[in-house]
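Colleague: Spelled out, the chains give:
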Amino acid sequence: MLAAGPGGFALANAAAALGAETLPLSAAEAVTWATMAAFPIHLAAIIWAFAARSAAWAWAGIVIPALVCLLILSATA
Amino acid sequence: MKANFHLSMIWLHRWSGLIFGWALYVIALTGTVVVFSDEISVWMQPELPANTVAVEQALITAQTHLQRAAPVAEFWSITPSAHHGGVTIAWAGADSAGNDRGDNALFDAVTGAVVAARDSHGTEPLVDLHFRLHSGPVGMWIVASAGMVMLLGLVTGVIVHRRIFRDFFMFRIGKGQRSWLDAHNIAGVLTLPFQFVIAFTGLMIFPVLLMPGALQAGYGGDRAAYVSDWYLPTQREASGMSAPLAPLLPMLAAAEHQLGGRIEQIAVAHPGDAAAIVTFWRGTDDRLSMMADWAAFDGPSGRMLASQTRYPPGIETSGVMVGLHFAKFGGAWTRWLYFFSGLASTALIATGLLLWTVKRGPESGKGLVAALNLATIAGLPMAIAAYFAANRLLPVDLTERGEWEIRILFLSWAACLGWALMHNRWASWAGMMLGAAFLLGIATILGGTGPVTLSLALSAVALGTTGLLLIRGARA
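Each protein sequence line maps, in turn, to chains A and B.
FYI, in our numbering the residues of the first sequence are 1 to 77.
FYI, in our numbering the residues of the second sequence are 1 to 476.
Certain hints may be false.
[Unchecked claim] Example chain A residues on the side facing chain B (calculated, C-beta under 8 Å, incomplete):
| id | residue |
| --- | --- |
| 1 | A14 |
| 2 | A16 |
| 3 | A34 |
[What the hints assert, rightly or not] Derived list of chain A stretches under chain B, where covered just means 3 residues or more per stretch with a C-beta under 8 Å from a C-beta of chain B:
| id | stretch |
| --- | --- |
| 4 | 19 to 26 |
| 5 | 40 to 48 |
[To be verified] Which bits of chain B does chain A cover? Going by a derived footprint, with three or more residues having C-beta under 8 Å, they are:
| id | stretch |
| --- | --- |
| 6 | 7 to 19 |
| 7 | 302 to 316 |
No wet-lab data here; the hints were simulated from the structure.
We put the beta carbon where it would ideally sit given N, CA and C, even for glycine.
Chain A with its partners taken away, still in its complex shape:
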């Protein structure tokens, strides 16, 4: 449940931040599109977390993509 709600929210925001930094658009446009895309990402993360075989799987599916987003972010920054 924690992985789904707050965890998914964190993943969606990490993905949105990555999108804002890397999308080949003006700053305002990148932020707008990345924010809109983050909502379906959150939704997908919630479904993943509840469908996962175990809590460990659920967390892995959330934390690993979020970390990858943050890693690329810090590499490009």
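Given chain A's structure and the hints, the job is docking chain B onto it.
Modeller: Frame of chain A, contents of chain B only:
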């Protein structure tokens, strides 16, 4: 794995539906009512001049009034109503005697007299319930989560009912739980596209507030900087040198021509100064995107300085999302479509909540769930009916009259909750439905003529019939 996935989706649908069901019901019902927010708000102030007035006429009245009351102020704001014959005029700064003050009042756009309408907040408390459950920022987060849960419920609902479209053609009446489930499925399939759009676009009204990651990365969280990158009506400081303001009427004509639509609001920054700026905002009720185009004019000369009618594609897209949610774009038929879709969605949530208790039976220790169901599903319509009745019953000159209307809304809802916790029987359901019908009947009788009164009458009949059917069902 597949069966497991299916089961976990059933579990997710059931529990997220229960926990957020009550909030979703409140959001859906109030949202359905405020589709006609403008009309209801006018109905709640019957003293307003009924006939709408051309923007030109309202602007002449406003400029005449403002030149006399506050010729050299910090700002003027003029908002001619599209729904009644009033114009809202606000200003702040020096009045004609040089004293620093301000004013905000509704004037008759033809006579220029202050409109003495009864104090009422119109649909404000219903809108407040709709987008933040009347509980400030905390409520907004609950509503946003509920929106997410609604999207989740739609997706998992389709997964749970693999045969959902076949079940759609099945309705078994009088079979208890099976009937509720059939009703739930029918309402769900019918409104699936509508709900998907309304939940997603609802989240798109404050997107960077709800999902701040991108804004944080792109602008360090500075929302004003982000907005000013694509929306920045011309501004400038006062010069300190005085210069008379040119007549606003020719500027209005130029703005209408430039923006191609009805002007919704006019603002003047430091009127009477040589650097005065007049800004016109175009209304958005005639189109999908809710981005308000603007045109700015030099105050003393009346020359157009700048205007904006185009936005980057992403911004335009988010403007369209907001427009799809507010449903102002397509005129009356679109709004009736939204209204009935909203009603069906409310029914979907209500049947879902009822299934939860019907399935488990009254004796299985789910008394609290059942009581909250009663207080929400039947109690909220009764509270809204009480709000409309109070609008006609409270003395017109009561102090804090508008506040009292809102207090009556919440006090009657609290009374319903108290009653539901003590006496949760079928008779209580019928009683609240009949009570709502009775209160709407009062509002109808005292409501004058017009489409809003007619709608209240029809709602009274619908709720009354439901109540009577419930009594008959309880006897049988």
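Colleague: Now tell me if each hint is right for this structure.
Modeller: Status of the hints after comparison with the structure:
1. A14: With Cβ-Cβ at 6 Å, under 8 Å, it holds.
2. A16: 4 Å, holds
3. A34: Because about 4 Å separates A34(A) from the closest Cβ in chain B, which is inside the 8 Å limit, the hint holds.
4. 19 to 26: holds (count 5)
5. 40 to 48: It holds, with 4 qualifying residues against the three required.
6. 7 to 19: holds (count 4)
7. 302 to 316: holds (count 4)
No hint from the list above goes unmet by this structure.
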